[in-house]
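> Chains as they are written, first to last, in my numbering: chain A, 25 to 145; chain B, 21 to 110; chain C, 6 to 329.
In short, the hints are calculated from the structure, not lab data.
Don't take every hint at face value.
Below 27 angstroms or equal to it, Euclidean Cα-Cα: the simulated DSSO-like pairs (lysine-lysine) are [as the list claims (entries may be wrong)]:
1) A:K55 / B:K92
2) C:K326 / B:K92
3) C:K79 / A:K142
4) C:K79 / A:K55
5) A:K55 / A:K142
6) C:K248 / B:K92
7) C:K326 / C:K248
8) A:K55 / C:K326
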Amino acid sequence: MSLHNIAEIAAIALFGVGLTLLMMSRNLVKKVIAFDMTDSAVFLFLAAKGYISGRRAPIIENGVQSMEAYINPIPAGLVLTGIVVSVACSAVMLSLCLRLYRRYHTLDLDEITALARKEED
Amino acid sequence: MQALLILLLVLVLACALAVAFTRDLLTCAVVFMAQSLMLALIWVLLESPDLAITEAAVGAGVDSLLLFAVLKRIGAIGPGKGERHGPREK
Amino acid sequence: MARVRNDFEGRRWQRFRAWLNEGDTSLDSLLMDAVDGRSSAPQPAPSAPESADPGAVNHLPLSAVQARRARAEKFSRGLYRTLAVLICFGLIGVLLATAAALPPFGNPDNPVHNEVSRRYIEQGMAETGAVNVVAGMILDYRAFDTLGESNVLFTAACAVLILLRLGVSDRVRRWERDLDARLYEPQNDAILQTLARFLTPMALLFGFYIVLNGHLSPGGGFSGGAVMGAGLILYLNAFGYEKTARFMNYRVFQTASCAALTFYAAAKSYSFFTGANHLPSFINAGIPGMLFSAGLIPYLNIAVGLVVCCTMYAFYTLFRKGDM
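Excised from the complex, chain A in its bound form:
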């Protein structure tokens, strides 16, 4: 594995940490934090695809309009939408956590499962 793709490798490692934390943690708020972490990892991977070394940000200056002067703007546009959608998803998940807490007075997933199973009996 060469060191040419450090940003992509770091993004994959961050995704791995987030995914493991999502599956292993017992607290619901920690699961939401882990979900947000995997989202950030995907954005890092996408935005690293558009970077070209030695070129500037895609804001046209001095009338230079050739493609060889700027980085690729398309992955940046994708990630821009993604960041805001990620916070919207986190907000909905956290409000679901609040409703669960109001009902069961705990945010431990094992206790909630046990209480819910007991209620259904």
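Given the coordinates of chain A, assemble chains B and C onto it according to the supplied hints.
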């Protein structure tokens, strides 16, 4: 510039591992906020200023604020922390 | 679940509280009460060990069953954790092996830099009038995607409103108001109010500047809207809910979000019918670099900024206060 990028990526991974191995929820939220800030710096290094402003305002701003508001609501911060209803963590 | 009421001071809550406080990790006492159908007055904690007394004959087979069930649950939990770690590591190993075959980072000959980015950069300013190529792309070439994204934000705000605002009885509201942070915090905090008087107008102004200059410099509707929302949140924290509700309440949120989203949909939703074929805009592109150039882009930026600002404020105040 390459060295700064490598340093920031290592710091982001360190923050992620810190979130994974911490039991206190307030510390997790604060470290997550720091991770968003470092991610905003990475966007600047990757020549995407739009992403940097958006990540700093949204990720390190409102998203972490929502986490703090939820932690306050469930009683994990503030006086009598954790004794009121015992939300256990791990 | 239909027979469970939201009864926080009732017997169920007392029993749960007793079980939680005595640290009894086995599920015996709690499950046995439900199985026996024992109707109970609020039982104090010392009675729980009495109900688990192995001397009572008709409890004995039940507790053996429950002990076996607890052991099975512990074994399955360990198995789940091991399998989860193995699967995650396997997946990450596959992804890392794929990353070794990726084209090098920052190379201008990568296959991702194709004729689409060439068209956006070289003819972006002439066709859209925007100096910021990313803003011109997401609000002109791909405005349909941003319409979908604004819809996602609006839907999330509606979902959080539904979850956290309706269906709350009076007793719960009183109990939760006791838990509310506002009562435990010093009111009229001097430092916070002095800073907020200075910082809130600056934050709102800065956010509006970012929104308006979205097509000329980095920024745009999303970041500017988030900064404006953050300014409003600071004002709410410093001055309280009643003062903020004078100018930012549910009606303002409703009007601003719906008007902005309707304007955006009226401008750009014809793509539902024409597909990817854009209609030529009747507002000409203007001189690039002026504030009111680039056709519809400044107005769409203002619409997106309004939606994001109202949504961020709504999220925070619904989480904090439970009401808008």
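> Need the status of pair K79 (chain C), K142 (chain A): alpha-carbon distance at most 27 angstroms?
holds (18 angstroms)
> Is the Cα-Cα distance between K79 (chain C) and K55 (chain A) 27 angstroms or less?
holds (21 angstroms)
> Please verify whether K55 (chain A) and K92 (chain B) have alpha carbons no more than 27 angstroms apart.
holds (17 angstroms)
> Are the Cα atoms of K55 (chain A) and K326 (chain C) separated by 27 angstroms or less?
holds (24 angstroms)
> Between K326 (chain C) and K92 (chain B), is the straight-line Cα distance small enough, at 27 angstroms or below?
The given pair, whose Cα atoms are some 11 angstroms apart, holds under the 27 angstroms limit.
> Please work out if K248 (chain C) and K92 (chain B) have their alpha carbons no farther apart than 27 angstroms.
holds (22 angstroms)
> Does K55 (chain A) pair with K142 (chain A) here, judged by a C-alpha cut-off of 27 angstroms?
Holds, at roughly 24 angstroms.
> Do the alpha carbons of K326 (chain C) and K248 (chain C) lie within 27 angstroms of each other, as the hint requires?
Holds - the C-alpha atoms of K248 (chain C) and K326 (chain C) are around 14 angstroms apart, at most 27 angstroms.
No hint from the list above goes unmet by this structure.
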